[in-house]
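> Let the sequences and hints guide you as you build the complete structure.
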Amino acid sequence: MKKRLLIGTDNYLPRWDGISRFLSEIIPRLKDSFEITVIAPEFKGEYKDSKGIMVKHVPLSKFSFGDFTFAKMPNKKMIRNEIKDADIVFVQSIGPVGKSVLIEAKKQNKKLVGFNHSVEWELAPKALEGSVIQRLIHILSIRRSRNLYNKFDLLISPSNEIKEKFSWRKIKAKKQVVQLGIDTKKFVPAKNKNDAKKNIGIDPSQKVICYVGRLGREKDLKTLYRAYIRLTKDYNNLKLLIVGQGVESIEKMFQSRSDIIFAGNQNNVIPYYQASDIYVLPSLTETTSLSTLEAMACGVAPICTPVGLVRKYIIPGVNGLFFNKKNVYMLTKRIEKLLNNPGLLKEIQKNAIETVRDDFDWDITAKKIEEIFLKL
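For the sequence shown, the working numbering gives the first residue as 55, with consecutive numbering after it.
Read the hints as simulated data drawn from the structure, not as lab findings.
Glycine included, each C-beta is placed from N, C-alpha and C at the ideal position.
Please note that a few of the clues may not be correct.
[To be verified] For each label pair, taking beta carbons as the anchor points, the in silico distance ranges come out as:
#1 Lys57 to Glu215: 29 to 35 angstroms
#2 Lys391 to Lys224: 41 to 47 angstroms
#3 Met108 to Lys391: 46 to 52 angstroms
#4 Glu401 to Ser118: 39 to 45 angstroms
#5 Asn129 to Arg311: 41 to 47 angstroms
#6 Asn322 to Ile426: 29 to 35 angstroms
#7 Met55 to Lys116: 41 to 47 angstroms
#8 Lys379 to Glu96: 33 to 39 angstroms
#9 Ile418 to Gly255: 34 to 40 angstroms
#10 Gln188 to Asn378: 18 to 24 angstroms
Laid out in structure tokens, this is it:
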């Protein structure tokens, strides 16, 4: 008989982000071994759940933080009943849904596992950049994270760096590292780059710089925008492609120029990666950055800030380039370097593909998580 796995999350499809991507890849790979129920917010939009998966939706509240809208507090009876039937509880976040699930699971003495998708005390203050309460939010986030994460039986981290950050903040729960992966059967280079550009309405003669993901303040997309504006003064064959949604002011910033393609939220991002030449990640904080790995798997040269695991899997000048946080000039020069050296651009694109194929695989990630659950 299959063990019953309950997943509690504040992030879920059709709202795409790193947690949603993780769950969309992991759940189909675990469903043959576990009977899975998901408790998640009811975000607007269309998507298809994996067959055989039960999803209990929680309505959204009117409260937003940065680009994120929180769920309402879940129905206590529903939470209690779902946890009563579960053998293992797997929590992805500590928002209203995740917190409610973990506290009830602790009360019922269930096997409780969490995944550290983000570092809350880094993420929350950056989502309120420029706010006078930024420092206060940082302190409160540390205290809240320590209190909640110490309730878990086990925390899974995507890297040793993230694991150590949690330990340093006196989060004493047992920890294990499981590296995330990419579906390299789906995320593949375009058979023909020119055709890929035509397919999304871009002139094949243009070089495409892209970003895919949430439009949050901590992503520092103003730096990418300003670098692009500088580049257009010297290059007339550039196109900036933005795929995602988030903070309204950031969306409007990109929508204000006719030479920027703002594609919004997309359930299938592969055609956009395949049409791109250079991928830019200007983030101020990350854990793994699945979008960077997806871009690399599709043969796109990454130019990134050295954040999270990114600094480990990108080797400057070999499979990507780095630039310092918030440094518009440095990013501009890095992009120019690839635009002016087609041979280097091609070599980095080739090496990026090989890096992901060799070192990142969702099947391995899912297998390790399954093994952890079965040993609990």
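> Indicate, hint by hint, whether the structure satisfies it.
Here is what the structure says about each hint:
no. : hint                                 : verdict
1   : Lys57 to Glu215: 29 to 35 angstroms  : 31 angstroms, holds
2   : Lys391 to Lys224: 41 to 47 angstroms : 43 angstroms, holds
3   : Met108 to Lys391: 46 to 52 angstroms : 50 angstroms, holds
4   : Glu401 to Ser118: 39 to 45 angstroms : 43 angstroms, holds
5   : Asn129 to Arg311: 41 to 47 angstroms : 45 angstroms, holds
6   : Asn322 to Ile426: 29 to 35 angstroms : 31 angstroms, holds
7   : Met55 to Lys116: 41 to 47 angstroms  : 42 angstroms, holds
8   : Lys379 to Glu96: 33 to 39 angstroms  : 35 angstroms, holds
9   : Ile418 to Gly255: 34 to 40 angstroms : 37 angstroms, holds
10  : Gln188 to Asn378: 18 to 24 angstroms : 21 angstroms, holds
When each numbered hint is compared with the structure, no violation occurs for any of them.
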